[in-house]
Amino acid sequence: MYLKDLSSVSPQVTYTEEFINGDYIIYSKNILSVIEPSYSEIIPASLLRRMGKAVRMGIGAALPLIERNEKINGIVMGTANGGLENCINFLNQIIEYDEGVLTPTHFVQSTPNALAGQLALMSKNTGYNVTHVNGPLAFENAILDAMMFLEGASNKTSLLLGAVEEISNYNYNIDLIAGRYKLENIANNDLITSQTNGSICGEGATMFIVSNDANDALAKIINLKQINFPNQIDLEQLLNQFLIENDLIPDDIDLLILGNNGDVQFDSWYVLLRSCFPANMEYVYYKNFVGEFRTNSAFALFFATQLLNGRFHNHKGIQGNFRNTPKTILIYNQFEGIHHSFILVQSPEPE
Amino acid sequence: MNREEVKSEFKAHLITYLNLLDITPDQIKDDEPLFDGDLGLDSIDSVELIVLLDREYGIKIINPTEGRQILIDVNTIVDHIVLNRVK
Chain A
1 MYLKDLSSVS
11 PQVTYTEEFI
21 NGDYIIYSKN
31 ILSVIEPSYS
41 EIIPASLLRR
51 MGKAVRMGIG
61 AALPLIERNE
71 KINGIVMGTA
81 NGGLENCINF
91 LNQIIEYDEG
101 VLTPTHFVQS
111 TPNALAGQLA
121 LMSKNTGYNV
131 THVNGPLAFE
141 NAILDAMMFL
151 EGASNKTSLL
161 LGAVEEISNY
171 NYNIDLIAGR
181 YKLENIANND
191 LITSQTNGSI
201 CGEGATMFIV
211 SNDANDALAK
221 IINLKQINFP
231 NQIDLEQLLN
241 QFLIENDLIP
251 DDIDLLILGN
261 NGDVQFDSWY
271 VLLRSCFPAN
281 MEYVYYKNFV
291 GEFRTNSAFA
301 LFFATQLLNG
311 RFHNHKGIQG
321 NFRNTPKTIL
331 IYNQFEGIHH
341 SFILVQSPEP
351 E
Chain B
1 MNREEVKSEF
11 KAHLITYLNL
21 LDITPDQIKD
31 DEPLFDGDLG
41 LDSIDSVELI
51 VLLDREYGIK
61 IINPTEGRQI
71 LIDVNTIVDH
81 IVLNRVK
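First to last, the sequence lines map onto chains A and B. Under our numbering, think of the first position of the first sequence as 1, with each following residue one higher. Under our numbering, think of the first position of the second sequence as 1, with each following residue one higher.
If you're looking for bench data, these hints aren't it; they were derived computationally from the structure. Hints are supplied without guarantee of correctness; some may be wrong.
Computed list of lysine to any residue pairs in SDA-like fashion (alpha-carbon distance at most 20 angstroms, straight line) [claimed, not checked]:
(1) A/Lys-316 to A/Gln-306
(2) B/Lys-60 to A/Gln-93
(3) A/Lys-29 to A/Leu-176
(4) B/Lys-87 to A/Glu-99
(5) B/Lys-60 to A/Val-101
(6) B/Lys-60 to A/Tyr-97
These stretches of chain B come out as covered by chain A in the derived footprint (C-beta under 8 angstroms, 3 or more residues) [as the list claims (entries may be wrong)]:
(7) 16 to 23
(8) 51 to 57
These figures come from a predicted structure and were not determined experimentally. Just so it is clear, CB atoms sit at the ideal spot from N, CA and C, and this is done for glycine as well.
Use the sequences and the hints to build the structure in full.
Next comes the structure, spelled out in structure tokens:
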């Protein structure tokens with residue numbers, strides 16, 4: 001599956017070239033909210049006023065792609081929580097108004113597939129339209145779905161593939177109590193080296209145009225693998241199996257993109273993964289840019305594609321060991337030691 | 001609360017409930033049709049208006065025919081509030 005175009009709305013200024021060219025926002029608090037584009041220029045006011053943040057930023061990321069790529073045959077999204085703020089508002093209203101009359105907008109905007117539906121309406125796309133909601137592996141399942149769809153489709157079929165997640169104040173507090181976020185404030189550029197429990201909270205929308213046509217592709221998604229509740233041996237075996245399936249050995253990987261989130265309870269998984277590769281293997285982190293949220297592997301794919309295309313050299317925000325433009329990247333992400341995924345991406349040069 | 005005060009309060013509620021971005025109460029004309037006018041409200045907004053009247057003023061609109069005669073413009077709604085509010 002080839003990746004032809006991409007766009008992201010994230011806590012960094014990713015909807016323009018600003019972030020890619022080296023500008024990097026350092027946050028001093030543990031909530032990394034997205035930097036949003038000016039929606040009034042791209043979304044009619046009558047639609048914008050009803051949109052929750054997840055839908056709004058999803059459309060903000062997707063519309064430029066829809067405008068640049070006329071032929072899109074379907075929409076595949078991944079989101080763990082969808083429009084969380086509206087969902088919680090809606091649920092609270094049931095209690096607040098004693099199960100009386102409820103406003104429809106919060107409900108409509110809270111459904112996970114509100115974004116995919118709204119994008120279909122705005123782009124008049126009547127094709128395949130699916131939203132995957134498999135928690136921290138929602139985007140991985142969306143990729144898998146897109147790969148299978150394109151494999152069975154006629155030549156030059158394209159899909160809009162993406163993921164979105166928003167911060168809700170209610171949910172942030174619940175996750176904070178559950179120990180998912182740090183109790184002390186920490187700057188995002190100090191996240192990776194943090195030695196305490198929990199991470200910092202992020203959000204974002206990242207969109208791609210994927211196709212079975214290799215022309216003008218930016219990257220090729222070779223394969224992906226996911227596993228739930230593994231032990232360390234399971235993960236090592238899965239990695240070996242994954243590499244063998246793709247005719248690779250560890251030395252063939254040029255760069256690892258690692259999902260370290262500064263949570264000392266779970267970052268040891270990344271140490272384990274790196275131990276499966278040569279000691280001089282290059283690696284970079286990405287959650288220092290966007291924080292932790294359940295579908296941020298989409299941002300990792302955005303990051304990987306830019307790296308494959310020679311971007312981010314000498315970027316002041318890059319953390320890790322990164323010198324050479326890679327040809328083959330393995331993205332490894334895990335959520336609380338439970339949900340793990342590998343995404344293998346290559347530069348789309350002729351084989 | 002006199003009629004003018006009810007009107008001001010209702011316009012503020014209208015902006016909040018319908019999330020009318022970049023619109024101030026002064027810009028909402030009293031006799032301008034809420035639907036098919038500059039505000040461009042639609043059927044979902046009519047449900048939001050029914051919820052607004054129920055929550056803020058204790059007014060329940062159950063009969064659709066009655067609703068169409070009330071939800072015309074700010075004047076018709078405020079007249080109904082003044083006559084029928086229970087809170």
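Quick rundown of the hints versus the structure:
Simply put, A/Lys-316 and A/Gln-306 have alpha-carbon atoms about 15 angstroms apart, close enough for the 20 angstroms limit, and the pair holds. Of the supplied pair hints, the one linking B/Lys-60 and A/Gln-93 holds, its CA atoms being roughly 17 angstroms apart against a limit of 20 angstroms. With a C-alpha separation of about 13 angstroms, the suggested pairing of A/Lys-29 with A/Leu-176 holds against the 20 angstroms cut-off. Between B/Lys-87 and A/Glu-99, the direct Cα distance comes to roughly 19 angstroms. Compliance with the 20 angstroms bound is thereby established for this hinted pair.
For the hint linking B/Lys-60 to A/Val-101, the alpha-carbon distance of about 10 angstroms falls within 20 angstroms, and the restraint holds. About 14 angstroms separates the Cα atoms of B/Lys-60 and A/Tyr-97, which keeps this hinted pair within 20 angstroms; it holds. Requiring three or more residues with a Cβ within less than 8 angstroms of a Cβ of chain A, the coverage given for the region 16 to 23 of chain B holds, as 6 such residues are present. A count of 3 residues in the region 51 to 57 of chain B with a Cβ less than 8 angstroms from any Cβ of chain A is obtained; the coverage claim is therefore met, three being the minimum.
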